[in-house]
Amino acid sequence: MRNTRVSIFAMCVGLLALAPLAFAHHGTANYDTGKQITVKGTVTGFEFVNPHVQIFWDAKDDAGAAQKWQGELTSPNRLSRVGWSKSTLKAGDSITITGYPTKSGSHEIWIQKVMTGDGQELQTGGGN
Amino acid sequence: MWNRIGTIVLAGAASIAIASALPAQTGPQSGMAKSAPAAASAPTSPHDFSGVWNMHALPAQRKFLGSIYTAEPPEMTPLGTEKYMAYKPSNGPRTHSLKETDDPVLKLCLPPGTPRIYLQPFPFQIVMTPKEMIMIFEYDHTVRQIFMDGRPHPEDLTPTYMGHSIGKWDGDTLVVDTVGFNERTWLDRDGHPHSDQLHVVERFHKVDGENMVDDISIEDPKVLVKPWKTQLNFQLKPGWDIMELACTDNAAFEDFEK
Chain W
0 MRNTRVSIFA MCVGLLALAP LAFAHHGTAN YDTGKQITVK GTVTGFEFVN
50 PHVQIFWDAK DDAGAAQKWQ GELTSPNRLS RVGWSKSTLK AGDSITITGY
100 PTKSGSHEIW IQKVMTGDGQ ELQTGGGN
Chain E
0 MWNRIGTIVL AGAASIAIAS ALPAQTGPQS GMAKSAPAAA SAPTSPHDFS
50 GVWNMHALPA QRKFLGSIYT AEPPEMTPLG TEKYMAYKPS NGPRTHSLKE
100 TDDPVLKLCL PPGTPRIYLQ PFPFQIVMTP KEMIMIFEYD HTVRQIFMDG
150 RPHPEDLTPT YMGHSIGKWD GDTLVVDTVG FNERTWLDRD GHPHSDQLHV
200 VERFHKVDGE NMVDDISIED PKVLVKPWKT QLNFQLKPGW DIMELACTDN
250 AAFEDFEK
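For the protein sequence lines, the chains are W and E, in the order given.
Those letters in the first sequence? Residues 0 to 127, by numbering that gives the first Met the number 0.
Those letters in the second sequence? Residues 0 to 257, by numbering that gives the first Met the number 0.
Hints in this document: simulated from the structure, not taken from any laboratory.
Here a beta-carbon is modelled for each residue, glycine too, at the ideal position from N, C-alpha and C.
Careful, some of the hints might be misleading.
Calculated Cβ distances over 12 angstroms to all of chain E for the following chain W residues [unchecked claim]: (1) K59; (2) S79; (3) T95.
Derived contacts from chain W toward chain E, CB cut-off under 8 angstroms, selection only [said to hold, decoys possible]: (4) T27; (5) N49; (6) Q66.
Next comes chain W alone, as it looks inside the complex:
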């Protein structure tokens, strides 16, 4: 139960040093790259598809209310080259996602960091 509890917080980060590279596909108009948020929860879906791999997960806010989240990574090919596959995540896995939130405040994240339930960090770059 504990590990599905949401922890949402905005982090002030050194954005100049961490200026995001462009997406493989589209631009960043939908995202607020001025801050990052972290959302912890349980994976409900994992789509290893072009142009951007998608993770879907359930989280709960501090009041215990359920929230559905989704986030996008780079392409399957680039992630394959740093070891990902279509089986890297599966429904039921505990996960902690950090990345840029949308400007609209919707429950979507441009994922920068993925931590699995056993504390491993998965590379989210790949390629260049």
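Since the structure of chain W is already known, use the hints to place chain E on it.
Leaving out everything else, chain E in the frame of chain W:
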């Protein structure tokens, strides 16, 4: 010698680091980086560009090379500025959402053209024959032929997305001249335009067995005030294969975006 040994050690260390960061159920994948044995057999002939190459952005280029060739935009003619302001790019300072953009690559899956294809963040493979040098880009499996058999550009070219390319050696530098473009592509992901007068001159040379430089001059008197010059660096990836990437899959992606 020591550089080579250092490279091998670093490659090996990187592989171990990558492997240790993965969950146990993740096995080796096609296209995944391999280490020392393949790197040691990399071709070293300055006239052999065979292999899989990946863009390597220099530190000073990392902030912009995802979408444009230089830190500063090119100086454009009034016609160039007019065309640029009419476009709705997804990337760069005039960013638009995926629903709003009219980027011909993102919206219509058109071939990116030359040299924009290099800005798609995926590797390409070079195959060399006596007739031509073939570039097989991972992005949408786009193919570019550079004819090496001494032929000139045809007199009455039919315009194409990737243009008509001919190559000849200047010492150990391969000079590739490309003309014959249609006007359905952009020069970059920021939406800088070109006309049917686009002329791209590239000078490829190998720095060593694992690194290649492409000095590019983008010339278009209708749209650019002067040639737009840049240098792209590519690294040989001996353990990589070109993988499938179909642009048509992108069409479903807008549904993911709110």
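Confirm or reject: W:T95 is not an interface residue toward chain E, with every Cβ-Cβ distance exceeding 12 angstroms. With a cut-off of 12 angstroms, W:T95 remains clear of chain E, as the shortest Cβ separation is near 14 angstroms.
Tell me if the interface restraint on W:Q66 is satisfied: Cβ within less than 8 angstroms of some Cβ in chain E. 14 angstroms, violated
Hinted contact W:N49 with chain E - closest CB pair below 8 angstroms: Because about 4 angstroms separates W:N49 from the closest Cβ in chain E, which is inside the 8 angstroms limit, the hint holds.
Verdict on W:K59 as a residue remote from chain E, using beta-carbon distances over 12 angstroms: 21 angstroms, holds
W:T27 was flagged as interface toward chain E. Is the shortest Cβ-Cβ separation under 8 angstroms? At 6 angstroms from the nearest chain E Cβ, W:T27 passes the 8 angstroms test, so the hint holds.
Beyond 12 angstroms from every chain E Cβ: check whether that's true for W:S79. 4 angstroms, violated
Violated hints, in rising order: 2, 6; the structure is consistent with all others.
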